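Chemist: Residue strings, one per chain:
2 protein chains.
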Amino acid sequence: MASAALKDELDIVIPTIRNLDFLEMWRSFFEQYHLIIVQDGDPSKTIKVPDGFDYELYNRNDINKILGPRSSCISFKDSACRCFGYMVSKKKYIYTIDDDCFVAKDPSGKDINALEQHIKNLLCPSTPNFFNTLYDPFREGADYVRGYPFSLREGVPTAVSHGLWLNIPDYDAPTQLVKPLERNTRYVDMVLTIPKGTLFPMCGMNLAFDRELIGPAMYFGLMGDGQPIGRYDDMWAGWCCKVICDHLGLGIKTGLPYIYHSKASNPFVNLKKEYLGIFWQEEIIPFFQSHNFSKDCTTVQKCYVELSKQVKEKLGKVDPYFLKLADAMVTWIEAWDMLNPPNKDSANASSK
Amino acid sequence: MASAALKDELDIVIPTIRNLDFLEMWRSFFEQYHLIIVQDGDPSKTIKVPDGFDYELYNRNDINKILGPRSSCISFKDSACRCFGYMVSKKKYIYTIDDDCFVAKDPSGKDINALEQHIKNLLCPSTPNFFNTLYDPFREGADYVRGYPFSLREGVPTAVSHGLWLNIPDYDAPTQLVKPLERNTRYVDMVLTIPKGTLFPMCGMNLAFDRELIGPAMYFGLMGDGQPIGRYDDMWAGWCCKVICDHLGLGIKTGLPYIYHSKASNPFVNLKKEYLGIFWQEEIIPFFQSHNFSKDCTTVQKCYVELSKQVKEKLGKVDPYFLKLADAMVTWIEAWDMLNPPNKDSANASSK
Numbered sequence: 003m004a005s006a007a008l009k010d011e012l013d014i015v016i017p018t019i020r021n022l023d024f025l026e027m028w029r030s031f032f033e034q035y036h037l038i039i040v041q042d043g044d045p046s047k048t049i050k051v052p053d054g055f056d057y058e059l060y061n062r063n064d065i066n067k068i069l070g071p072r073s074s075c076i077s078f079k080d081s082a083c084r085c086f087g088y089m090v091s092k093k094k095y096i097y098t099i100d101d102d103c104f105v106a107k108d109p110s111g112k113d114i115n116a117l118e119q120h121i122k123n124l125l126c127p128s129t130p131n132f133f134n135t136l137y138d139p140f141r142e143g144a145d146y147v148r149g150y151p152f153s154l155r156e157g158v159p160t161a162v163s164h165g166l167w168l169n170i171p172d173y174d175a176p177t178q179l180v181k182p183l184e185r186n187t188r189y190v191d192m193v194l195t196i197p198k199g200t201l202f203p204m205c206g207m208n209l210a211f212d213r214e215l216i217g218p219a220m221y222f223g224l225m226g227d228g229q230p231i232g233r234y235d236d237m238w239a240g241w242c243c244k245v246i247c248d249h250l251g252l253g254i255k256t257g258l259p260y261i262y263h264s265k266a267s268n269p270f271v272n273l274k275k276e277y278l279g280i281f282w283q284e285e286i287i288p289f290f291q292s293h294n295f296s297k298d299c300t301t302v303q304k305c306y307v308e309l310s311k312q313v314k315e316k317l318g319k320v321d322p323y324f325l326k327l328a329d330a331m332v333t334w335i336e337a338w339d340m341l342n343p344p345n346k347d348s349a350n351a352s353s354k
Numbered sequence: 003m004a005s006a007a008l009k010d011e012l013d014i015v016i017p018t019i020r021n022l023d024f025l026e027m028w029r030s031f032f033e034q035y036h037l038i039i040v041q042d043g044d045p046s047k048t049i050k051v052p053d054g055f056d057y058e059l060y061n062r063n064d065i066n067k068i069l070g071p072r073s074s075c076i077s078f079k080d081s082a083c084r085c086f087g088y089m090v091s092k093k094k095y096i097y098t099i100d101d102d103c104f105v106a107k108d109p110s111g112k113d114i115n116a117l118e119q120h121i122k123n124l125l126c127p128s129t130p131n132f133f134n135t136l137y138d139p140f141r142e143g144a145d146y147v148r149g150y151p152f153s154l155r156e157g158v159p160t161a162v163s164h165g166l167w168l169n170i171p172d173y174d175a176p177t178q179l180v181k182p183l184e185r186n187t188r189y190v191d192m193v194l195t196i197p198k199g200t201l202f203p204m205c206g207m208n209l210a211f212d213r214e215l216i217g218p219a220m221y222f223g224l225m226g227d228g229q230p231i232g233r234y235d236d237m238w239a240g241w242c243c244k245v246i247c248d249h250l251g252l253g254i255k256t257g258l259p260y261i262y263h264s265k266a267s268n269p270f271v272n273l274k275k276e277y278l279g280i281f282w283q284e285e286i287i288p289f290f291q292s293h294n295f296s297k298d299c300t301t302v303q304k305c306y307v308e309l310s311k312q313v314k315e316k317l318g319k320v321d322p323y324f325l326k327l328a329d330a331m332v333t334w335i336e337a338w339d340m341l342n343p344p345n346k347d348s349a350n351a352s353s354k
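If you read the sequences in order, they're chains A and B.
Residue 3 is where the first sequence starts when you use this note's numbering, and the numbers rise one by one after that.
Residue 3 is where the second sequence starts when you use this note's numbering, and the numbers rise one by one after that.
Isolated chain A, as found in the complex (with noise of 0.2 Å):
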């Protein structure tokens, strides 16, 4: 079984102010794996983990002492701190998860693992060339339909599984307000390639990625204390790794599974952190369709770091919000680097 070969190649990285009583409903799905949780907010309350987890749990004093100064990058007082969780992680790969998540059932009753399908995504190749109308071509029963160039069938490396959520959709503040009774109910039993070219909404919520292939782009910026806005952390991240993929050969895939979003945020609250996201990213988004590499990003790292001299030089105009961002992007690669040596890491991504 695909989820039990990768026991030793995983780790779940779960962002939580309060006790993990949510794992409960997850143990015989997650109990096989590592926990690395990442303890936002005061650093002197206690997180209980239910018994019988394996874990490491880091508050604000660990990131502070393990990255010293270079801890500027990692968020406070918001979920986007979870990143710090992929960085210390020495796995191949990594799903995250937030604490308000629960076990989805299928359309036949049955209770979902999440992470198996997440793992499935990952261990096969994405077709972000070509759009396949029957969607995952390697999924049982399902192939390449007639007109499918045969060159493209290989597909390429799968960086990110991106996960759905029923009930509690994923809307922004003002959506909420419109919609607030409106619930995700419709299971859509598919998994596809986000083309190559096209940008998307990656909500971290239910997400896997293989860190050796885009691990140094899953940067979730500085949201949070001291900051002017939250709720775009993954955005940002999905931003930069679908460039990143896109200009490095890599697949991101969307669909199953889906799990089962229990609270909506506080819409009121959401649009004070968003409102400035929403301006902002109609000049976010001209930015990452229209941009393109150099031929030496040849490394997730390099890319990553000439995005943000971009980021400084294009986005700088829009607010100083992101000359900060831009250096913080470029804080983030050392702290990367630091913990992940680059003979390791980034050898593996760069030969990709």
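Watch out, some of these pointers could steer you wrong.
[Claimed, not checked] With the C-beta cut set under 10 Å, the calculated list includes, among others, these residues of chain B facing chain A:
1. Ser73
2. Asp174
3. Arg185
4. Arg188
5. Cys205
6. Trp241
7. Ile287
Keep in mind the hints are simulated off the structure, nothing from the lab.
Please read all numbers here as calculations on a predicted model, not as lab measurements.
Every residue gets a Cβ at the ideal spot worked out from N, C-alpha and C, and that includes glycine.
On the provided structure of chain A, position chain B as indicated by the hints.
Modeler: Structure of chain B alone, referenced to chain A:
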């Protein structure tokens, strides 16, 4: 109800060589619409149409009489002849279906009204400029997710609705030979927009489109009698339509509705028809992927004529067949404009 509203605005085009017994199964869904039957092969043969359907039927003699020397652009002994039906229609919308396609059932066991779903798809906007992870945001119970730029939420007009097939999947001959028993049993409850810049394999089996928006690009090429290839008619139309839609800011949707495809065609016969196409598509796809229209191309007709010149120049080197095809593309536009005087349809198309 959407479908009732379009009663006078949609024609159903069916290419056939046999009696249309399959219409009995579609009676309750099709009876209110006008059918355009394009009889392929021996024109002296009589095609029986079940009582109660409103139809017009064209055989090869009719096509020759109506188009004169321009009838050379309409394929013979190949279902590509169906595009003649698109040309003689005077309606805004076309639905085309193969005569071996039956009514499929949804997971609850209910008969699927394919036409009604196509109309839904065509009547609401497409979103080619950014991927929405909950798929069609205009569907009931769905919306744009967090991080989707607000400036793109109006969408663009939908020109094409590409439906899928349960039972026999639309595989090429090599895949048919390797997987003779594979059946598509998975009902994916979803419609999505094919992103801008991404090509897809458009199948003509279960296809609807807005002929005012994209009709002149829906040419199914030269296939069958006297031609070196077959089974690339709908693919050709799909590639041309996609690049033109991308250029003109129109959308193409794929997914629901499903029909039940009853019978696999003979893979040995198919291999003979396809094998040149299998080679050629390796050059055709990069041609379309790198194609850019000039700014003068403000209507579908202008785009199509410019595309024909590029086909001649760039694909003519691949095989002389493409020189012939490029000429036929121009003839097709002349014939289209003859039957659809530009002051009516083209003016509409260019105003979008």
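Chemist: Evaluate each hint against the coordinates.
Modeler: Verification of the supplied hints:
Taken as an interface hint, Ser73 of chain B does not check out: its beta carbon lies about 27 Å from the nearest beta carbon of chain A, beyond 10 Å. Satisfaction of the interface hint for Asp174 of chain B is found here, the shortest Cβ-Cβ separation to chain A being roughly 4 Å, below the 10 Å cut-off. The beta carbon of Arg185 of chain B comes within 8 Å of a beta carbon in chain A, closer than 10 Å, and the hint placing it at the interface holds. Given hint, Arg188 of chain B at the interface with chain A, holds; its Cβ is 6 Å from that chain's nearest Cβ, closer than 10 Å.
The beta carbon of Cys205 of chain B comes within 7 Å of a beta carbon in chain A, closer than 10 Å, and the hint placing it at the interface holds. Taking 10 Å as the C-beta cut-off, the interface hint given for Trp241 of chain B holds, the closest approach to chain A being about 9 Å. Because the closest C-beta pair between Ile287 of chain B and chain A is about 5 Å apart, less than 10 Å, the hint holds.
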